[in-house]
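Input sequences plus hints: build the corresponding full structure.
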Amino acid sequence: MSVETGTPRAQDPEEQEQQSLSTAAARNLATTTKTEPQMQAITSRWLTRMLPWVNVAGGAYRVNRRLAYVVGDGRVGFVQTGTQVEVIPAELTELPLLRGFDDAEVLRTLAERFTQREFEPGQVIVEAGRRADHVYLIAHGKVEKTGEGPYGGEAVTGFLADGDSLGGQVLAGAEDTWEFTARAATRTTVLELPYPAYQDVADRHEKLREHVRRRRADADRSLNKSGEADLAVASGHTGEPPLPRTFADYELRPREYELGVAQTVLRVHTRVADLYNEPMDQTEQQLRLTVQALRERREYELVNNPDFGLLHNADFDQRMSTRSGPPTPDDLDELLSMRRNTRYLFAHPRAIAAFGRECNRRGLYFTPVEVDGHHLPAWRGVPLLPCSKIPVNGTGVSSIIAVRTGEDDEGVVGLHQTGIPDEYEPGLNVRFMGIDDKAVISYLVSAYFSAAVLVPDALGLLENVETARANGS
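In this note's numbering, the protein residues as written are 15 to 487.
Simulated from the structure, these hints should not be mistaken for lab results.
Careful, some of the hints might be misleading.
Label-pair ranges, simulated between beta-carbon atoms [to be verified]:
1. H154 x A118: 24 to 30 Å
2. T297 x G172: 54 to 60 Å
3. A118 x P268: 23 to 29 Å
4. R227 x G72: 26 to 32 Å
5. G72 x E220: 39 to 45 Å
6. G73 x R227: 37 to 43 Å
7. T191 x D116: 49 to 55 Å
8. G73 x G172: 36 to 42 Å
9. I434 x E254: 56 to 62 Å
10. D288 x T46: 40 to 46 Å
11. S351 x Q94: 31 to 37 Å
Listed below are the simulated EDC-like cross-link pairs for lysine to aspartate or glutamate, each with C-alpha atoms no more than 20 Å apart in a straight line [as the list claims (entries may be wrong)]:
12. K159 x D347
13. K221 x E105
14. K159 x E206
15. K221 x E193
16. K221 x E119
17. K159 x D331
18. K48 x D344
19. K159 x E134
20. K452 x D288
21. K159 x E477
22. K159 x D344
Glycine included, every Cβ here is placed at the ideal spot set by N, Cα and C.
See the structure below:
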């Protein structure tokens, strides 16, 4: 007879008899607590929230301005074939004295006279005091402008980058000298046009000579710093001297902003809409997510649209480049100094992080401000708001946008139209399109919007912002 001794063998859990209802089975009868469908692509959309929105009842918004006679140097475009770079002939009209010139054949002839040169970092392109007898177009690279400081020595007065130009006034034949020294900060590709080469083309085309003469005459007017004709005003006089006469002229062809649109067709099967509406309305949830996607697209277009997007509508005189690559306190100070009453700064989160690293390097810190109940970083009291719609290219380069907002302050405004048919929210409507032969319901969801810059200095841009962490930083 055998006897078992020692510790009893533990029973396999799978062999144990079930004592109560399992949780897996119980869930079949229980009502779960559930959320609405979540959407990961929703962002804070600070730009959309901070822009004052103007109702455009007529579908278009006209911005009337005083007539300006001089426009700053524009950005010139180029084409590249291998290492060879050529200027696009039509892009030469971005030079102030060629603005509005429309003879394509003459522009092509002029473009062929430009020659390509390469400059290494530190090489001088033009030198202060020397005769200005060349037009220079910067195809690629960064150039720093330097001049004599107020107490002697050399001071950096600005930067030029891809598409900028030097010496546009040379086309008028004036015996000018360079007022600054331009030095390559990086390896730089430049296209240059000697004045004799331009003169040879102008001698054979009277239309070109006459156009430059008229543009030069406009530039010789008594103008304010914005290029508008000065209004003659007398002050400090006594007695009864004759008072000056003046008037403010307006632009004859002011810009009109038409509302853009973002649209999609939402489709819901009738079986889903009829049978699966408890505890949540399926059609309403589908619509809610679709509207969120349209809101995201609206903010993307406000930043990037080639017609009305902020990145494309910043005046060239209101653009500047970073001094060293990453955004520094010095860069933001200069950006703020370019306009009065900057309300907001918008930057990609990576650009904000890069600016934070530069502040840490100098022992500085953000002073937070409260915006709509949120504590956000600020610089000089101006909120620095994240905007993921500002692009960061493959090398980590981005931009920072500075804006003054509101019609009363001659700033930047958002445009939409309220009271449209089947309105779901201001500027957005949902229209029933019917049911097809597959029992699918269709809804047309449309958002109408745009943005307008009332005066050029309402919008500024800090370009060539490097967001990548440098080695050792």
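Cross-check of the supplied hints:
1. The hinted range of 24 to 30 Å is satisfied by H154 and A118, whose Cβ atoms lie roughly 25 Å apart.
2. The given range of 54 to 60 Å is respected by T297 and G172, whose C-beta atoms sit roughly 56 Å from each other.
3. The supplied range of 23 to 29 Å is met by A118 and P268, whose beta-carbon atoms lie about 27 Å from each other.
4. For R227 paired with G72, a C-beta distance near 40 Å fails the hint of 26 to 32 Å.
5. For the hinted restraint 39 to 45 Å between G72 and E220, the CB-CB distance of approximately 44 Å keeps it satisfied.
6. With their beta carbons about 41 Å apart, G73 and R227 fall inside the hinted range of 37 to 43 Å.
7. Checked against the given bound of 49 to 55 Å, the beta carbons of T191 and D116, roughly 32 Å apart, lie outside it.
8. Distance hint for G73 and G172: a CB-CB separation of about 41 Å, consistent with the stated range 36 to 42 Å.
9. Hint check: I434 to E254, Cβ distance near 59 Å, so the stated range 56 to 62 Å holds.
10. Under the hint 40 to 46 Å, the C-beta atoms of D288 and T46, about 22 Å apart, miss the expected range.
11. With their beta carbons about 35 Å apart, S351 and Q94 fall inside the hinted range of 31 to 37 Å.
12. For the suggested pair K159 and D347, the alpha carbons sit about 18 Å apart, so the restraint of at most 20 Å is met.
13. Our distance criterion of 20 Å between C-alpha atoms is met by K221 and E105, whose separation comes to about 18 Å.
14. For the hint pairing K159 with E206, the CA-to-CA distance comes to about 17 Å; that is within 20 Å, so the pair holds.
15. Taking the CA atoms of K221 and E193, the gap is near 30 Å; set against the 20 Å cutoff, the hint is violated.
16. With a C-alpha separation of about 12 Å, the suggested pairing of K221 with E119 holds against the 20 Å cut-off.
17. Distance check on the hinted pair: K159 and D331 sit about 15 Å apart at the alpha-carbon level, within 20 Å; holds.
18. Between the alpha carbons of K48 and D344 the distance comes to roughly 50 Å, so the proposed pair goes past 20 Å and is violated.
19. Distance restraint check for K159 and E134: the Cα-Cα separation of roughly 15 Å lies within the 20 Å cut-off, and the hinted pair is therefore satisfied.
20. Between K452 and D288, the direct Cα distance comes to roughly 15 Å. Compliance with the 20 Å bound is thereby established for this hinted pair.
21. The hinted pair formed by K159 and E477 meets the criterion: a straight-line CA distance of about 16 Å does not exceed 20 Å.
22. Taken as a hint, the K159 and D344 pair is honoured in the structure, with Cα atoms around 16 Å apart against an allowance of 20 Å.
The structure is inconsistent with the numbered hints 4, 7, 10, 15 and 18, although it conforms to all the rest.
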